[in-house]
Each structure stands twice: as structure tokens, then as C-alpha cells.
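Protein chains in written order, with UniProt numbering: chain A, 1 to 408; chain B, 1 to 408; chain C, 1 to 408; chain D, 1 to 408.
Certain hints may be false.
Covered by chain D, according to a simulated footprint, are these stretches of chain C (three or more residues, beta-carbon under 8 Å) [unchecked claim]:
| id | region |
| --- | --- |
| 1 | 3 to 16 |
| 2 | 19 to 25 |
| 3 | 46 to 60 |
| 4 | 311 to 324 |
| 5 | 345 to 353 |
| 6 | 361 to 368 |
Subject to a maximum C-alpha distance of 25 Å in a straight line, what follows is the list of computed BS3-like cross-link-like pairs (lysine-lysine) [to be verified]:
| id | chain 1 | residue 1 | chain 2 | residue 2 |
| --- | --- | --- | --- | --- |
| 7 | B | Lys295 | D | Lys343 |
| 8 | A | Lys69 | A | Lys111 |
| 9 | D | Lys295 | C | Lys342 |
| 10 | A | Lys382 | A | Lys36 |
| 11 | D | Lys20 | C | Lys281 |
| 12 | A | Lys13 | A | Lys3 |
| 13 | C | Lys281 | A | Lys382 |
| 14 | A | Lys36 | A | Lys7 |
| 15 | D | Lys3 | A | Lys7 |
| 16 | B | Lys342 | A | Lys295 |
| 17 | A | Lys295 | A | Lys281 |
| 18 | A | Lys286 | B | Lys343 |
| 19 | B | Lys13 | B | Lys207 |
| 20 | A | Lys286 | B | Lys13 |
| 21 | C | Lys281 | C | Lys342 |
| 22 | C | Lys295 | D | Lys343 |
| 23 | C | Lys286 | D | Lys382 |
| 24 | D | Lys286 | C | Lys295 |
Source of the hints: derived by calculation from the structure; they are not laboratory data. Even glycine gets a Cβ: it sits at the ideal position worked out from N, Cα and C.
4 protein chains.
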Amino acid sequence: MAKTVFKIDLNKKPEQQTIKTHNRWHPDLPMVEMFKPGDEFRVECYDWTGGQIGNNDSANDVRDVDLTKVHYLSGPFGVEGAEPGDLMVVDILDIGPIEGSEWGFNGLFDKQNGGGFLTEHYPEAVKSCWDFHGIYTTSRHVPRVRYPGLIHPGLIGCLPDHKLMAEANRREAALVATDPQRVPPLAALPYADTALMGQMTGAMRDKAAAEGWRTVPPREHGGNCDIKNLSRGSRCYFPVYVKGGGLSMGDIHFSQGDGEITFCGAIEMAGWIDIGVGLIKGGMAKYGVINPIFKPSPIDPHFDDYLIFEGISVDEHTGEQYYLDAHVAYRRACLNAIEYLKKFGYSGEQAYTILGTAPVEGRIAGIVDIPNVCATVAIPTKIFDFDINPNSTGPTRQVSGVDVARAS
Amino acid sequence: MAKTVFKIDLNKKPEQQTIKTHNRWHPDLPMVEMFKPGDEFRVECYDWTGGQIGNNDSANDVRDVDLTKVHYLSGPFGVEGAEPGDLMVVDILDIGPIEGSEWGFNGLFDKQNGGGFLTEHYPEAVKSCWDFHGIYTTSRHVPRVRYPGLIHPGLIGCLPDHKLMAEANRREAALVATDPQRVPPLAALPYADTALMGQMTGAMRDKAAAEGWRTVPPREHGGNCDIKNLSRGSRCYFPVYVKGGGLSMGDIHFSQGDGEITFCGAIEMAGWIDIGVGLIKGGMAKYGVINPIFKPSPIDPHFDDYLIFEGISVDEHTGEQYYLDAHVAYRRACLNAIEYLKKFGYSGEQAYTILGTAPVEGRIAGIVDIPNVCATVAIPTKIFDFDINPNSTGPTRQVSGVDVARAS
Amino acid sequence: MAKTVFKIDLNKKPEQQTIKTHNRWHPDLPMVEMFKPGDEFRVECYDWTGGQIGNNDSANDVRDVDLTKVHYLSGPFGVEGAEPGDLMVVDILDIGPIEGSEWGFNGLFDKQNGGGFLTEHYPEAVKSCWDFHGIYTTSRHVPRVRYPGLIHPGLIGCLPDHKLMAEANRREAALVATDPQRVPPLAALPYADTALMGQMTGAMRDKAAAEGWRTVPPREHGGNCDIKNLSRGSRCYFPVYVKGGGLSMGDIHFSQGDGEITFCGAIEMAGWIDIGVGLIKGGMAKYGVINPIFKPSPIDPHFDDYLIFEGISVDEHTGEQYYLDAHVAYRRACLNAIEYLKKFGYSGEQAYTILGTAPVEGRIAGIVDIPNVCATVAIPTKIFDFDINPNSTGPTRQVSGVDVARAS
Amino acid sequence: MAKTVFKIDLNKKPEQQTIKTHNRWHPDLPMVEMFKPGDEFRVECYDWTGGQIGNNDSANDVRDVDLTKVHYLSGPFGVEGAEPGDLMVVDILDIGPIEGSEWGFNGLFDKQNGGGFLTEHYPEAVKSCWDFHGIYTTSRHVPRVRYPGLIHPGLIGCLPDHKLMAEANRREAALVATDPQRVPPLAALPYADTALMGQMTGAMRDKAAAEGWRTVPPREHGGNCDIKNLSRGSRCYFPVYVKGGGLSMGDIHFSQGDGEITFCGAIEMAGWIDIGVGLIKGGMAKYGVINPIFKPSPIDPHFDDYLIFEGISVDEHTGEQYYLDAHVAYRRACLNAIEYLKKFGYSGEQAYTILGTAPVEGRIAGIVDIPNVCATVAIPTKIFDFDINPNSTGPTRQVSGVDVARAS
């Protein structure tokens, strides 16, 4: 087994760990450890909320979660010889749950605290808990589905440099400035109060906490991409911006659908990641790379049978026509899938949860046929233990009596 | 072989055919022929431009194409017993080129005449011609790639009823009204001058031509979805709005990437489609279906090795931050892929063409992490006859001396 | 479309065709046509019996078939520059049925005339007829299954030279000599009476007819390999033994399971094959190739769900233990699968037919664990329109009232 | 994590463990623990030699291995309510290496001590050691290949009853009696001296040791099937012969090719298996099941590109023609693949090792075309870090300087 170079004690809060995680991105975060190309090591990670959510039947914790205190990242780790302009080759060799913590959760955030993709339709906080059975997961809150894990870090990347940090801070502030009172805000700007800055101390730490990136969005360096196929067995190439690179990671998902539409989000879990590192010197220029690129895993779950739903960019409430808006089209495709699943007895929240947690494929089918985008969402039929395909007699009720956990 | 119920003579213009195609959608189009559930039949179709584009080395025809005279659809075909609210079950049994016309084309439209997904970057008309070799295609204009066909109709669906037609006309007109002088316009509104209305005649025809839907966008009934996986071997369920259903189809693609980003668009071809029909009575309400749903084919080309590019919703020119804009994110992912492929010697237009024509997967990875969407585009590495994976020595020039056809 | 260089008129007997097929392999068969590397062409082929079997509901024709008059091969075709020791690169670009003949058949031979893998269990002649629906096939004799075609030539290869011909004749004669009275014989030795020798005439023809290989077995050159994955889209590398190579082919199958256990055998059909040719000069020595090698097609039907049956090398009648006998183990696996399918109402012959015609996977699991081989046969569950997986309540009868065609 | 109900201390010999394994099958082995349907538990297992082989560069241990002291099985475990005639539903939920022992080995046995599939060609003992890197493995003895694990128990099944035990003992003794002096023997008959009988003691133990099945071959109950696709994520249905069932398992493989042709055999490892159990009452009769059946895992490594080698049933030394002998045909296919790989610089033993350890597919292509079977072996090309496909210039030497470990 690869040596564990970052330990998480799940009984302690992030502030209490021996080696501290960081929940902001900053160029000056000191490396936790340096490695040579070819090295392999194990990194333990919190679930994305740092332990705020419990394995129980109330969604109060999801409703009340503090979203400024999330994404406690393990790292940064350096690679000897890495310099700005290189590509860090990162093998995600394997991922698993922390021993004794073989469960995960999914939540729909309250519209007033985070919201989500379909928050206009499902504005209240709900939660589902998922048990892991080896490579599979099931939930007492969402019956009659079982998924093989497509286990991946929602969040991984190298440290930005000062220039990139400043540029993203600029553009995000400009966006927020267009509607500063909006709830939720248009972007998550730097916020020192709840920053945890790894091994930084003193004035340097305070300065970094005040300017460091929030971890919410993906950016040029990768970060919170939530790409379900960045899974165990994949190989990634991350742009290097600072000497050593500084690879950090966290927010492990046992399974997720394309789009991570429930926002909280996938099946969220604490766990470990086995990493191998290498370098392509000067790789950014050699290959014209700005954002990370990657190659998928040979053991991603494979399905041959899907039921696929289409959506177009027309608002479901107003009937308003949007112009080539893939966001609206994907929302309509997801809503169509939810209505379909409800015919088998699932609540809307259960169906929404399935789309957020199962390995569904969200595709941009056509994006040039003005004014409609056509987006599709494909559900693998085999995750259900009954047949969801259409037939001439119509659907029968398969699910009843249980539902997602709600807030009190 | 299924009986051919709709013949196209490629030597004749659409207006000259014995049984006329239609390039508008209208509820009152008379059925060409009625079938029973369980019947199978063959339908011949024009390429989407109705023969405006030639198999040659000039892009003048692409530059000058008349985009109001496209999508000559074969149909409509009725199913006995089909009534509004039913689902028409449509098996796309097989698809092939018209004998003697085993080729297709792809084009980038001129920014002044149609444009496309990346028209700001590639504003001039270009063309590539593709030869079919059984299940494969290659192009003299884009060397060193060979794709297995993922052959599908870009456009298929049942006739809308008057209510749905009026509603979409309303919303699209409202969108155009927000910027009526825009070039290109925000939507393609009804336009009688170039309408071909199938077997309709007289005043009824003229009225229908004036109000019938243009065929450009996908809508609730399906239509121009450009879903690459609606391929031969797939089974589709189309909402029925009028008595008999009225299934029409056209715009056959030999191969296409998700998004059909080049707009003209896939590898466009004339061909035939073998269709089988069935019914689910009352299926729309039974299954809560608004838009078509479908099941993919067991013989879609399968690949195990992809190189995947990420993009986020930040404008590439201005650095402006967009809010959860999947369109911008997918554009950035595509641009990243193009820059990568250029390192092997492809021109930008060639690389753009590959993304439009190869079976690339365009996915919405994360759509809730404010303010950035993360979109990905996955290129199957095996379509190239050289290795495109990153390595430590960097890319070598593999392509030179040939390029796409340009306008004179 | 590739030019058709070999035409078959299905209304004529093999002896009456303009360009004659050959049903023996011989080095001196004259080339029908020469091609250059890079050329593509279409070849029409008889079904393997040359039209002896009808699309009807009697198995009399299967019972009475003349097995010395089969495998009417189209060819041989030469490649300019091909010399002994080269590899001929053969792209199987596409395959389809002869227009107007969109059907195929499967049969179990009578034990007295051909027999088959399970002839001790199913000794009587039966037949099933299969209709083609685009990429799919169904049978009125075997209900509730539908397969996507895995269409391939059962028989393809280059001409042997005199040395190889003599060597195989020697070894096969030696085998027959060990039990010369056996019915059926241990091998099919040269037999001039029913030989059709392509374009050969006169004394040369008579000599060749008397010494030419029968086409029954596969040999070093390829020949009757019955490899289901040598399908449209595959690329093959055939050893070249004579100047020009001399590629011939025939015995097209719409679909077949590993082992072609019914002997007659797959879903047998007349059809056309589109071929592309190339050369690797000196390839046999360069790559150490004795038998053909090949690469499978990207559009072979893919399934994710199988039910898999095991078998071991113990005789089912006597309980005798065989020593590492994969033949017996595979037979037991197939018999186990048949008994399982019978629980759903299929007759034994129907179940046997499914194993012979569906894309089942026959694998050698373990071949070193003395004294038992473990072989497996994997049935894709999706070919059935009902669920064949085991459950706690047990199987229910799904099939009744129809059966395979039998002899009168 | 499932509770570990069977612990292995790798620092102790099998005879020294607290809960003892068993290396014979016998109906009277007492259950280690009873479970209810729906329970899940973890079982630790020795490597198949019980620790005889070291992670070093000498094959002496492989040469000198005591093959009567192998297959130390963990179990038997009972399921409440299981009775003869039931099917025990066994979910193989996950498998991994024992912590601190993340390596495995492959060996070719000496012809005088075990031999193997190609022992006539490779008669001397050799060894390769394989390191695990998360889901991947590589070897210092076989460079330039890396496989994703297809991790599975080589050996799993329920206890036989007395009747089945006696019957197999009878038939295997009868086989040995046909050539009693043969080295190696034709079968491994009961042998009390080296028997380890789990928790049995006293006279009962001695009787059972003298009559219990050796574990070498697969039999009706499953046992040493060496089916590579009985992998983590698969679901198996085992016949129950004794009250409680008595499920035992061991002989874990990190990866293996079809046939396990090297005999020692796969990449052999010590590890743990997470198991879930259920019952189908009366399932053997309901479904006509004699041997186990199973469904494969959704996370088996998937490959789209293979190079496939054919073989026919003609002896490579004598040129003798065998009659429908799949064993000979598969041997020829494997030898053909080895000769091909040697052209890239691999030693014969390295190439042989690759076929035994990589997820190669061994298929029975055609088994009815007298007198030749055609068997194929398919190698996934992606396991190599160079291109093994044929091209016009021929292969180049990619491997040199290292080889498998040999005996001194």
C-alpha cells in the first residue's frame, strides 16, 4: 500500500487536525511534502463539508450547513522539478472510504442556503444516506436502486499563481457587482473569516485568507470540476503554476451523475486517494494546454442500456424561449426524467436524488440549431431492480412507504 | 428489404420530385401513407441542403447556401389508431447512403450566412468532403482520421398540432423581438417564400406555408435534435399530437460529435432509413412524457480510450465571467481541444471539423458550482492513425500539405 | 458504393453462374480479378449451401442436404505485388443481404447427415428461419428473441500453396485412417465428384478437383474459421502462399454464437461483402505469423449484462472423467444453458438454436486444473424480451405454441 | 466495512492460524460461522500456495513448491435456511490485497513438478513478481505492460455432499487408473498426508482427510474454476448440497487471462473478499442448475482494441491432426501469440506470462468444422505502452535487458 502522507481523524474537526487541510486556494500555501516523479502516496480526505452531515434521518444538518466552511482539501503536495508551464501527470490509482466510515450522503440544499439546479422546483432541504457494499451503494431513503461506484475526487488541482488568482478574483467580483444583493450571490468571493489555510501562520496566513480563492467553482487549474469520470484509474494532466506544483484534493464522491445537479451533490464521503505523480516539462506550451486534460479509467462502470430524455431551452414556467441556453435545456431534460420516474412511485426529491447520484450521462446533443439547445440525460436502466422501459400497459407503482429525509 | 415508400431522385430538385418533401412543420400536412403498428418501411431522404453542396474542392457552395431552403423532410407517415396523447414507437432499423452517392460533406458556415458555434474564431466558409468505405469514412480534406459511422437522422418527429405550433411561434417571435435587427437572427421565424409543403395545394398550402414552423430548432415534438445516438438500432418514443401522428424525417448524418458544433454540421448525406412503427396508447400521460425519449443502439461505435478536454464559463476574448453558462463552458472545452490538435499539424478548421464530425462526447460535468460550469469534450483516440496522447517529448507534426476546402 | 466484381444470381444454381464460385481450395485456381493495394470492391456470395434451404416450415431440406456441395466461394481475388510470405491486409468494410433476400436460416443436422455439437442429444433435423429487420433479426420459429446482427463471413482466406495443401491432405487422411468406417467420417477428404473449381477447365481442373481441399475445416490459411467477431468493420491479416494471394470468401452469417454449435450453424444467408485490400511485405516472417490474425470491429453489438453458465469435462451420459477436454466442458456448459432456457418454455431445439445463433460468448475459463477444463458460455440477457435472470420465485413460462420446423 | 469473520496472519503458517483453513473439500467440515440471507462479511485468504512463494528474483520456490499443500481455503460459511437443492446467491462485493502485502506472483512450473499448458515448450520453472498500484499492476520482470486488475477468487463454492464426493472420487480414480504411472498424474486423488481440515479434529478429521476432494479441479459445485470474470462486482448462484451450504473461497487473483494457462497461474495474491449472501429456495430444480451460474461485474476492465490470434487443432511438433480438440487449438493460438510478442523483444517466458496474467479473452470460435476446432486468444493492445499492431515496416525491439526470474 502506498504510504499515507496525509491523515484525517474523522473524530476531530478540521481545525484540530495535526496536519491541517485548506479550504481556500492560494499560491503561497506551503507544501505538505515533496515527491519525485514516479512516487506514489495515499492521501486521506474529509467529506466536502468537513463532517457537518450525519448518517441519520433528518435533513436539518443539510438545511443549516455552513457553506463557507467546506472543501477541506488535503495537500498541497509538491513534485521535485515542477515549474510553471509544466504539466503534472497525476494517476488516480485508487480511492476508498475511510475504514469505519463506509457511507455517504446526498442532499438538496434549501433555496435560502445554497439551492441547487432545480431549486425552483424543490426548494426545501432533503437528505439521503447511502451505504457502501463493496463496489455498490444503496440507500434506505431511495429504494430499489443499486449503483456500482464511479468513485472520484470532486475537487483536485494544482495551486494557482498570483496572477491567475488575481485575474479570477477580478472577473468574479465583476460578476457579483452586476447584482450584489442577489441571494444566493452570483459567485463566492474571498472571505477570510472561515478560511483554513493549511500550514500557513501569522500575517502571511491572514493575507492569504483574505485573498485566497474560494473553492466553489472549477477554474483554469481544475479545482471543483465534479467530473464523474475523473475516477479511480484515470490519468490527469494538470497545469503547473508555482514551483513544485502543489497538488491538493478532496470532496470525494462515491458516485455522481453528470452535472452533479443536486449540488450536495454526489454521494459525498470521506476517504483516501492513492496518487502517482509525474511531469511533462513545458507541457502547457508543448500541447497548448490551458485547462486540465485527462484520460478515463478502464474500470468505470459500463452499461449498455439507457433510457434517454431530451430537453430544449424553453423555460418550464413561463414558456419563454431562451437563446441556445444549454443550462435551461439540461434542466428540462432532467425535469422530464424526474416526471417519468415519479410514475413508478418515486417522490420528486427521490427522482432528483437519483439523477444527482447515479452514473447518468448528461450530453449536449445539439448546440447550434437556433434558438434551442437540445440536451439529453441518459439513465442506465440496470441500476433499478425493476424494468423502467416504456411498454404498452404503462408503468406500475414500484416504490412506496419511504422517502428522503426532510428537515423538521 | 422493407418496401420503399418514399423515393428521392437525387438528379431532381425538391420541387421536381414526384412525392414532394416538406421543409416546414405543419399539422395539416397530409399523410403520404398510413401504416399499421408492426409495419416496416424504407424512406429515402435528401441531404439537409436538398443537394446544394457538391463533392468538390471549393467552399463557395457552403458560403452561398440558402438556409431558408433546407431540411427537405420525407413524410409525414401515419400510423392507424394513433391519436393525440399517444406515443409513437419508432424503431430506426437501419440507415444507409443512396446507391451511387456514397459520400458526405461538412461545412463551417460564413459568419454572415449561418455562422456556427465557433464563428467568432472561424468566420469563413470552409468545406470537407467525406468518402464512405462501408462502415467507415475518411476525408481527403482532413487526413489521418477514420471514423466508424454513427449514422442517424438529424431530424425526426411527428407533426405538431395547431396549439403547439402557435405557442412555439409566439415564443420564438418574442425572442426575435428582443433584438430584431440581429444578424444572424435570434430565431428562424415562419417564412412562406421558400416553403415546400409536401402534398398540400392551394390556399390551404399558402396558409400553412405562412405559419408552419421552420425546421431549424428542435422542439417538443423532436425535430432537429441532432442527437448522434438516435442512430440505426435505436428505439424512439415520439409524442403524438395529431390523428395518425405524421412521422417525418431527414437530414441524415453519417457521423457527428455531440453538439454538432460545426452547424453544417455533421457528415451530411442523402440516404435511406428503414423504420418500424408501433403505438403506446395514451403514453404521454402514462409516462409523463413531453419531449421524445429513446433507447440507444447496441451497435453504436464503442471506444475505450479517450482524451478529454475541460472548459469553464469564462469568455476567451474578454476574460468575462459568465454565470453557470454551459454554452460558454462547452465552447472553451472545444477550443482547448482544437488548440491541442493543432500541435499535430492540423489547421484550426480541420480540428474544428473533427470535433463536429467524429463521435466525440460532449458532457456537462458540473453545472452547480457557481459561477462556473465545467463542460468536457472527449475525443476517441483511436480515430487517429497516430498517437495523440501526451508524452514527455511533446507532439510531432503528423499532418501537412492538405487542408479543408475554402471559398474563392 | 464499391464496384461489384462478383455477382451471384440467386435464381441460378452454382453451376449456372457466369463467373463460377469454387467449393474446393486449390493453389491453381485462377484469379477472378487483380487489385492494387488500397482498392475496394464488392463481392456477392451464396449462402453456404448454395441455395439448398428454403424459407418455409419444413426441415426436410436440412435433413437431406448434400454436404459435399457447400461453401460456394466467391473469388479468388489477387493483389498486385503479393508474394508468398506476405500478409494480405483485408478490411471487411461492410456486409449485407442480397436485395430481395433479407432472411436467413439455421438448422440442426440429422445425426446421420452431418450431426452437430449436441447431436447425441438432438439427433433429428430441425430448421428455423430468421427475418432481417435492418440491423436486427427475429424468427417465427424461435419467439421472444431479437438480436442485432454480428454479420460476418464464416469462411475467408487466401489460397494455399501446393506444399500446404499436400501437408493438410496427409494429416487429415491419417486421421481418417484411424477409423475409416466412422459415420460421420473424422474428416472431409478430397472428393472430386461434387467439386466446382471456379474458372478452371479441362485436365487441370480435374486434377485440382481430385486433390483440392474440402472447405469444411479452418486451416492455416484461415478458411472456415466461423469466428463471429471477424465481422463488418474488422481488419484481418491473411498469410499469402501463392503469387497474388487469391482471397476467396463466402458462407455469410447474420449472427452466430461462439462455437457455431448448431453446425448449420449460424443464421446463414446470401449476401455481399465490401472488401478493402493492402499488403505487408514479408509480414509472415516479420511478425512470426502462421495463422491469420485480426482486429475486431468497433460496431460489434455490445452488451453489459450476461448470464453465464459453466461446464466441466465430465461426460453427461456416463459420468466419465475426461482429461482437460475443452470440447466436453463447452458441451456441458451449453447443455446447462439449454436446460435453463427450457424452464421458460423453449423446446430443447429452440434453446440449442439460440446458443448457435445469438452472439453468445464461449470462453475457456481454466484449462490447467487437472483433470477438468472449466468452460463458460455467456448469454446476453437483453436479446430476450423478458427477464431471464434467476429470482426467488422461479421462472415462468414465456414461450408456448410455436417451435422450430421439423422434418416430415 | 463488512465485519472480518476470517482472519489470516501472513506471518504464520496455515497450520498455525487461530481459525484454520482447509485444503480439501469435505461435506462434514464444520461451519466457521452462520449468516442470515442479506448478511455481508469479510473473509481473508492466503495466496494459493499458503505463502510458499517469495517476492524475490529466484524461481527456486516455484520450482520446489509442494503442490499437495495448496489452496488453503477460508470457510466454510453457512447460510441459515440453506438446504440441499437451493441456490446460494453470492455477491462478490469487493476484493483487495492484505494490507502490507500489495504484490502478487506468477510462475511457470517445472515440467517435473506441475507443468502447465505449454510445458513442452517452456519446461523450466520461472517466476515474475507484480506490484500493485491501486487498480493497476506492473512487474519488474515483464516490462512495458500495465494491467487494470480483474480481481477475483480462483476458487469458490459450497461443500459437496457425500454422494457427489464419492462420485467424483470414483471417476477421477478411474481416469488415473488408465495410466497410473504418469508424471504428472492424470488427476489429483485424495491424499491425507498434507490435508488441512479446518476445524475438524480426531478420527472424523482423519477419515475426512483420507477421502476429501483435492482442490485442484473445478467440479459441479464450482471450486477451482479460475473464471477471470467471477470478479468483484459479480453475482454467483452456487448449488447447495449440504445443510447451511458451506461456502469456502481462496486463491485470489489480481488478474488472469482466460485459461489461466501458466497454471501458477494468474497474478496470485493474499487478500480479502467482501461477500453478501442470499438464497433461492429450491433453485436447482426451478432453474435446472447443475453447475454454478453467474452474472459479470459492471466494473470489469473494458477494452475496445484487441489483437486476436487464431489456432487450429493440429499438433505443432508432429503435424498430427487432432479431431475437434479445443485444447490443442487454444494451445496453438497461444503459441502464435507468443511468437508474435517475441518479435518485440519479449522472451518466450515473458510472452507466456503475459498471456497467463493479462485479461486476454480465450474463445472457442468454431467447434463443429471437422476435424479442426478454431480457437482464438485476444490480447487488449492497450496493456502495452507501445503499439503492437502490425504495420508495413515491421516490429521494432521494445524490450531488452530484463527477464523473468529463473531457478538457480
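Query raised in the report: Which earlier hints turn out false for this structure, listed by number in ascending order?
Result: The structure conflicts with hints 1, 2, 3, 5, 7, 10, 11, 13, 20, 21, 24, although it agrees with all the remaining ones.
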